[in-house]
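Visitor: From first to last, the protein sequence lines stand for chains A and B.
All letters in the first sequence, in the order written, are residues 187 to 514 by my numbering.
All letters in the second sequence, in the order written, are residues 75 to 401 by my numbering.
Hint data in this document are derived by calculation from the structure and do not stem from the laboratory.
It should be emphasised that the depicted structure is a prediction, and the values quoted were computed from it without experimental measurement.
Accuracy of the hints is not assured; some may be wrong.
[To be verified] Here are the in silico distance ranges between beta carbons for each label pair:
{"hint": "1", "chain 1": "B", "residue 1": "319", "chain 2": "A", "residue 2": "310", "range": "31 to 39 Å"}
{"hint": "2", "chain 1": "A", "residue 1": "245", "chain 2": "B", "residue 2": "224", "range": "31 to 39 Å"}
{"hint": "3", "chain 1": "B", "residue 1": "132", "chain 2": "A", "residue 2": "310", "range": "15 to 23 Å"}
{"hint": "4", "chain 1": "A", "residue 1": "427", "chain 2": "B", "residue 2": "196", "range": "20 to 28 Å"}
{"hint": "5", "chain 1": "B", "residue 1": "313", "chain 2": "A", "residue 2": "187", "range": "21 to 29 Å"}
{"hint": "6", "chain 1": "A", "residue 1": "345", "chain 2": "B", "residue 2": "96", "range": "44 to 52 Å"}
{"hint": "7", "chain 1": "B", "residue 1": "198", "chain 2": "A", "residue 2": "493", "range": "37 to 45 Å"}
{"hint": "8", "chain 1": "B", "residue 1": "136", "chain 2": "A", "residue 2": "362", "range": "37 to 45 Å"}
{"hint": "9", "chain 1": "A", "residue 1": "403", "chain 2": "B", "residue 2": "198", "range": "51 to 59 Å"}
[Claimed, not checked] Here are some chain A residues pointing at chain B (derived, C-beta under 10 Å):
{"hint": "10", "residue": "308"}
{"hint": "11", "residue": "406"}
{"hint": "12", "residue": "408"}
{"hint": "13", "residue": "421"}
{"hint": "14", "residue": "423"}
{"hint": "15", "residue": "424"}
{"hint": "16", "residue": "428"}
{"hint": "17", "residue": "432"}
{"hint": "18", "residue": "497"}
{"hint": "19", "residue": "501"}
[What the hints assert, rightly or not] Non-contacting residues of chain A with respect to chain B, defined by C-beta distances greater than 12 Å in every case (computed):
{"hint": "20", "residue": "201"}
{"hint": "21", "residue": "244"}
{"hint": "22", "residue": "267"}
{"hint": "23", "residue": "393"}
{"hint": "24", "residue": "401"}
{"hint": "25", "residue": "407"}
{"hint": "26", "residue": "409"}
{"hint": "27", "residue": "415"}
{"hint": "28", "residue": "420"}
{"hint": "29", "residue": "436"}
{"hint": "30", "residue": "447"}
{"hint": "31", "residue": "484"}
We put the CB at the ideal spot given by N, CA and C, even for glycine.
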Amino acid sequence: MLAFIIRRLFQSVIVMLAVALVSFSLFRFVGDPIASMVGQETTLAERAALRDALGLNDPFLVQFWSFVARAAQGDFGISYRLQQPVMELILSRLPATLELAMISGIFAFLFGVGFGVYTALKRRGWLSNAIMTVSLIGVSLPTFLIGVLLIWVFAVELQMLPSFGRGDVVPVGDWWRTGLLTQSGRMSLILPAITLGLYQMTLIMRLVRAEMLEVLRTDYIKFARARGLTNRAVNFGHALKNTMVPVITITGLQLGSIIAFSIITETVFQWPGVGALFIRSVQFVDVPVMAAYLMLIALIFVVINLIVDLLYYAVDPRLRVSRSHARH
Amino acid sequence: MAEPLLSVRDLVVEFPTRKGVLRAIDKVSFDIAEGEVLGMVGESGAGKSITGTAIIGLIEPPGRIAGGEIWLKGKRIDNIAPEAMRRVRGRRIGMVFQDPLTSLNPLYTVAQQLIETIRSHLDVSEKEARARAVALLDRVGIPAAARRIDDYPHHFSGGMRQRVVIALALCAEPELVIADEPTTALDVSVQAQIIDVLKEICAERGAAVMLITHDMGVIAETADRVAVLYAGRLAEIGPVRDVIQKAEHPYTQGLMGSIPTLAQESDRLVQIPGSMPRLNAIPEGCAFNPRCEHAFERCFRERPDPLDRGTGRRVACWLYDRVGAGA
């Protein structure tokens, strides 16, 4: 078990290094940073001095190493556009994105599993058919269109929910400002969370349904029924637990893409998160912010993958190393 | 004769398909007395397993019991509410399936599965249920049962798992155990052990057994009576000794002739020509008529019902209905 964790951590470090290389390459290939830092009347000598002072004349590996070393300490330099430390910028925007991702992840998981189980158990019911049909729409409509449709129906026509922004936020701790504790903050969260989570929800639902149907056909479910267990115990104790093994992986990976895909939703709803910050940075070729965003998303994916692997162990006893008596 | 434990009367099981309704079981009737071992034999697809599944009310939709009655100790169980039937399953009729490798839920320990089953049916504490579970595992021959009960199914070998499955089938003290080919998936060397365990433990508890198999050797050693199924119909039923030594139905005769014996000095085993008809192509009259060397005109016209032949035997064959003419 420990060996497994160490091995996975080692793999994670390699992945992060690879992403760091890509991020670092951004600096070298997306224009000359000196050109975007100095004014037009700076002399060539001054430029060369600045170039030297910033270490841009050092060999590639030396530069890469110092980038990685500083990144590991959370130092991604100064934003070209806003002249603020990148880390500070990202940290101030991160709570908004994480809250949105968390709420839409929970929404996607709960409704995905709920609908999936329902449609698997009541395969022939009209409600199941209705859910399955609607889920097709969820899978096939692009996120921005769903967002715009929701804004049109609930914000413009019904005037029930706000169409943009985060509402009122209150500080929790040093740098975390939450919208979950205010009424307007929670109202503002509903539409973007649904927009962001709808695709993932339909995906989870279809996966749960397919897995559940598969599990319900197995011998051990038949045997569980033959032992006279209640439907509840068979469906939710035996079938659902076995269904969850593959579902955990997909859900974990989806959580990563929820955070990554929040770019579109944040743009549609003008949500002040890191996704919106990233889009701005791309427009202004703000390379340090882009690089840091890339690293952040990679880190989130790596951490989620690690957690998913550990969850596997918790759910499936067959993966645990047997206690030396698997001989009979 | 006392009231039978289980009585199956004219059972019909049908499966609707696109090509029409298939009759997997067609008017099968038999009884099982208390504490009796009834063997049920037949080729694959003859309807042995479906009969067992129908008795415990677990025919998969769209399949359904389309006719007949199933009585358990004087009470009908084929038309009762699902919750009442659930209380019958496990508690009054236990079931052992063919493949022990897939019968146990891989994510729960043996203890969890046993205790769950015991407490679904009997009003006992967790501790008491666990004590019973350990005692039962010990009885079915799991070494160091008190320790191994907390292992997961994948820690056990196939033979050991089938012992666990037997313990699970018996843990709520049922009066009848339906064992559906309990040894087919096992190593030859452990097959006999499993049959012995099943037979002994059921005898101790006075539980009757319906043993579904295609192994006539197992039937000969274990069963009190034997029922022979052919194409979803009962061909012959009677005391095991009589049926084996003096099979009356031509199909049973063929079946017995195909068992190799060391004493016999024949070069070839007898084989029945042809194969069992598919369920959608069962011929008019007797289902066995295309393969039967004794078939005559009536066999192609009328379907034979099992005829009482005395000493608890019934044979579904027109050969025995001719006045003054025997086999």
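Visitor: Could you check if residue 428 of chain A really has its C-beta closer than 10 Å to a C-beta on chain B?
Guide: holds, 6 Å
Visitor: With 10 Å as the cut and Cβ atoms as the points, is residue 308 of chain A at the interface with chain B?
Guide: Because about 12 Å separates residue 308 of chain A from the closest Cβ in chain B, which is outside the 10 Å limit, the hint is violated.
Visitor: Between residue 198 of chain B and residue 493 of chain A, is the Cβ distance one that fits in 37 to 45 Å?
Guide: With Cβ atoms ~39 Å apart, the hint holds.
Visitor: Would you say the C-beta atoms of residue 427 of chain A and residue 196 of chain B sit inside 20 to 28 Å of each other?
Guide: Once the Cβ atoms are compared, 24 Å apart, the range 20 to 28 Å for residue 196 of chain B and residue 427 of chain A holds.
Visitor: Does the nearest C-beta of chain B fall within a distance shorter than 10 Å of the C-beta of residue 432 of chain A?
Guide: violated, 13 Å
Visitor: For the restraint on residue 408 of chain A, tell me whether the closest CB of chain B is nearer than 10 Å.
Guide: holds, 7 Å
Visitor: Restraint: residue 406 of chain A near chain B, CB-CB cut 10 Å. Satisfied or not?
Guide: holds, 5 Å
Visitor: Mind checking the hinted window 31 to 39 Å against the Cβ distance between residue 319 of chain B and residue 310 of chain A?
Guide: violated, 51 Å
Visitor: Decide, holds or violated, for the assertion that all CB atoms of chain B are farther than 12 Å from the CB of residue 201 of chain A.
Guide: holds, 30 Å
Visitor: Should the hint that residue 421 of chain A touches chain B count as held when the rule is a Cβ pair under 10 Å?
Guide: Cβ of residue 421 of chain A sits 13 Å from chain B, so the hint is violated.
Visitor: Was the hint right that residue 424 of chain A lines chain B, CB cutoff 10 Å?
Guide: Check passed: Cβ of residue 424 of chain A comes within 5 Å of chain B, closer than 10 Å.
Visitor: Taking C-beta pairs only, is residue 447 of chain A more than 12 Å away from all of chain B?
Guide: Correct as stated: the minimum Cβ-Cβ distance to chain B is 32 Å, above 12 Å.
Of the hints listed earlier, those the structure fails to meet are numbers 1, 2, 5, 6, 8, 9, 10, 13, 17, 18, 24, 25, 26, 27, 28, in rising order.
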